[in-house]
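J.: Here is how the chains run, residue by residue.
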Amino acid sequence: MKIVVLVKQVPDSGAERNLRAEDNTVDRASANNVINEMDEYALEEALRIQEAHGGSTVTVLTMGPERATESIRKALSMGPDGAVHVLDDALSGTDALGTSKVLAAALKRLEPDLVLCGAESTDARGQVLPHMLAERLGVAALTGARKLTVDGSQLTIERQTEEGYEVVTAATPAIVSVWDTINEPRYPSFKGIMAAKKKPVETLTLADLGVSADEAGWAGALTTVASHAKRPPRSAGVKVTDDGEGGTKLVEFLVSEKFV
Amino acid sequence: MAEVLVVVEASGGTVKKVSLEMLTMARALGTPSAVVFGDAAGLADKLGEFGAEKVYVASGDDVESYLVAPKATVLAQLVKDVQPAAVLLGSTQEGKEIAGRLAVKLDNGVLTDVSALEPDGTATQVIFAGSAIVKSKILGGIPIVTVRPNSLTPVAAPVTPAVSNLDVAVGDADRLAKVVERVAEAKGARPELTEASIVVSGGRGVGSAENFKLVEELADLLGAAVGASRAATDSGFYPHAFQVGQTGKTVSPQLYVALGISGAIQHRAGMQTSKTIVAVNKDAEAPIFELADFGVVGDLFQVVPQAAEEIRKRK
Ligand SMILES: Cc1cc2nc3c(=O)[nH]c(=O)nc-3n(C[C@H](O)[C@H](O)[C@H](O)COP(=O)(O)OP(=O)(O)OC[C@H]3O[C@@H](n4cnc5c(N)ncnc54)[C@H](O)[C@@H]3O)c2cc1C
Ligand SMILES: Nc1ncnc2c1ncn2[C@@H]1O[C@H](COP(=O)(O)O)[C@@H](O)[C@H]1O
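Chains as they are written, first to last, in this note's numbering: chain A, 294 to 553; chain B, 1285 to 1599.
Bound-form chain B, shown alone (with noise of 0.2 Å):
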């Protein structure tokens, strides 16, 4: 079976879910190898477990100091050699765009923000705020997708991969733009926005940053990320990076939970494809209410509150 190559996302020498998730999506469509940019250390023993039969490693300077087009250029040099039945990226920022600049330079089409992959290349998105479903295909060439995370549950297939280091060999169009720094923002113990299976969102309703607290303490009793809305990002009630949306971060928890948040249109599209969606809104007629498999009608700093303690009180 011919190779599928996955683009390894990950973090802090940890592998990310979404990774893990196209290492399964993968295993339908042929055999999985990763690749790795950067530092590998730690990361082969996880991929195997997923069922990764070889790890390509790609690091050094030219790697790693320069915004994405190395890392395409490499990319683009594998394909050729091994001749992928498919190439999976995560949907994030830097998977698209690594995305796109694969896509020219091997002239293929590319689909983005894909939820399922069929081995005859059919693949599913959910569009315009999750109110449409569409199967594409790639015309004429190999499938190079971005996979919106949690689309699927990751499985456990172990093997022992087989890990290479890859040539890197990249030209000076390749190294235009410079990353001179990276900045740490705090960032609690909380799990990754797009990654979590539980997500607890406040808006504007919360009313301040300060209020947020109650937000992120639901949240943590819970084993959930913060997000946030709009409105609430806006106000300076929550740092941008968290805002759900649009514009924003698309989740797809398996549980998310909405405080006063009203759920206007441009919100519903970042959160539409939850499996399960409660709301805390004192407006009856909130049309988050519209989506909600549980609403509660009500001053969230009543229910809240109450809440934590029930779930204390449980645990």
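Bound conformation, chain A alone (with noise of 0.2 Å):
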């Protein structure tokens, strides 16, 4: 089975982030740039069933600045084979229906048998791409997964709802994305991260891909950011310690606010 990642590097949720003031976007070289969480998870996925199933391998795919190939070898280091890195100036401004164009030509190349990817991504929180893809490919999309069952060329996921929970099946060619609930990602090796250095990275430009540069980035985007203001950080309010009376306190102050 052939498998590609799709893994996005982001800035690292529990630091600040900005976005920078010229153009609105994501302010990439003052954070801390890392793997997108739920992408460690789709990762973990991908190398248990290619422990699973002989003759399996697994490719990232990532389509960012240069400065994402630290979170290729990262990626590489937990153990895939090797990665494709889109790598082009004019991707700039893309948004997620440009990223979802780029990336679907990607993987028409790449022709996989499945794509694993996050459920989401801690910047965007789009939860979009999966389907995008998908739609692009006509290829079936199980997403939201917290179980994976691959048997053959069929796939089977619990998805969570709220409801509860629904099993959804699908033939493989497929994207699946998952959820932090699915696995435990493993930590890389020391040996692990030695090989990741010489591990292939092909780079491809949208030239490569045959997609034209209006089709992307500042100029193929549908959507922009006009401005952006740091919202004001809430101030603490009353802070009471507890002398026996804290709980009286407490519903005190729901009833003023007419809570109770």
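Honestly, the hints are just simulated from the structure, not real lab data.
It should be emphasised that the depicted structure is a prediction, and the values quoted were computed from it without experimental measurement.
No residue lacks a Cβ here, since even glycine has one placed at the ideal position from N, Cα and C.
Keep in mind that a hint or two might mislead.
Said to hold, decoys possible - Label-pair distances were calculated between CB atoms; the ranges are: (1) P493(A) x T1298(B): 49 to 57 Å; (2) P1523(B) x A506(A): 43 to 51 Å; (3) P1523(B) x S528(A): 38 to 46 Å; (4) V1439(B) x L403(A): 45 to 53 Å; (5) L403(A) x A1286(B): 41 to 49 Å; (6) L403(A) x A1468(B): 48 to 56 Å; (7) A1457(B) x A506(A): 26 to 34 Å.
Using the hints, put the two chains back together into the complex; each one sits in its own frame.
T.: Written out as structure tokens, the structure is:
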């Protein structure tokens, strides 16, 4: 089975994140850039499938600027065989729809049986990409998986819903997006980190993919961020120390705010 | 005025609150039309009460037995037919997924997690764990946006809706992901997490699954939904479906009560836009106090039972 894992580099959600004043895009230069957390779970799932099914390959696919190379190497240190990096100056300013166009073109070239990705990215929180890709490629999308079973070419997932869960099936080729409930990602071993340095990373430009520069980046974007502002930080209100009456005081506050 | 299509979210024959919020939002943009996927029985009255002049219904096996794709196909056809001023969907997993497919089909931009939409198409989004607000716009197309639950208060504007059935003409590409089973997991009478006007959440400080009864008790006294931090769900104190935060649900209730939660940035990402925040934590330095309107520094095993008792007394 040929597996491709989509890995996005994002600014660390545990630190302060900013938009750039000049063009309202994510300030990646000042951020600590990391692998989107959900994508680590997608990587782990791919490696487990590879371990269970002999003859499988796992390829990482990233669209992102030069510095995304660090995340690609980090992903490779977990165990995948190689990576493809879509890298082109004309990609700056690409929106979700444009990203799906570029990644779909790359996937057409790679012809995977199975695409694994995160259910959402921590910066965009879009949750739109897997279905956009499926729509463009005409393949099945099994999204929001908390469990994935592979039986030959038949895939089955459990998808968490508000009411419980759904069991959804599809045949490969397919895209499966995963939540963090699906597994526990491995830590790269020392050997893995050393090996990652030598693994092949193919760089592709928009021209390589047959996507014209005006279909991506600023030129192709169908959405724009017109302005941004820091949200005023919440200020601390009243803080009381429990002296035996803390619960009562809490309720008095709730009553004064008409919640009780 | 042009129609505004509102894709209805419903569960067990009841319209979800986010749908009423979207109908209210839609009225400022045009004439609201509701789109129902699946069984519409009993929904039309409620949708009319909140201003839906039309209710379009698409039901049947093709819509209900496959994941997302058929819904997007039906919706894309409807958009072509009625040329709406905007399409609003809930910012839920399925709402975002339909929106994504619709955007590709129509080659139209899409904006997710929108909390306000102005008649000129300018959308407001709160991003980065609630630390920034952006104004965005879709260029040269119709606003296709997903609306964050609890972004506005639904206001009734009763009309009698005209209900019509939509043709469901889907292709093989829409029938690739088949839903073979729907399993209901135990769900009490509590309101749904993202829709609740009050949420009471417990964290690692609650200590065990057993002790979560304390969180549930306070929640029930307040008519609230129960939430949990990731530390609590990871430790098995409470099911994952109730996790609040960056990798869980985003909630925006009138009141959020955090019990034994430190207030890590990833937790704040899911609750920072709550109107009022109350915290109980025994560590006076816990970051949750930086955003709490009312904080009690104390042991939750003392404070919560006392609060519960006090509410009972006052009722
Ligand atoms: C990529 C990523 C994504 C994440 N996503 C999420 C997410 O979606 N949601 C989320 O919640 N977290 C998330 N986290 C985890 C987050 O960083 C914190 O680890 C987590 O929120 C901590 O949960 P907690 O506050 O319950 O536990 P702790 O940080 O351990 O805090 C427990 C608190 O309880 C207090 N306490 C203990 N006993 C008592 C008592 N008897 N009475 C009163 N107070 C008491 C302690 O003083 C402490 O402040 C994420 C982390 C990462 C790296
Ligand atoms: N630029 C990108 N390169 C590779 N994968 C991506 C990129 N953007 C998004 N993805 C994948 O799509 C998933 C969902 O992203 P989103 O729709 O932005 O929330 C992520 O978890 C990634 O797996």
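J.: Hints broken by the structure, by number, lowest first?
T.: 3, 6
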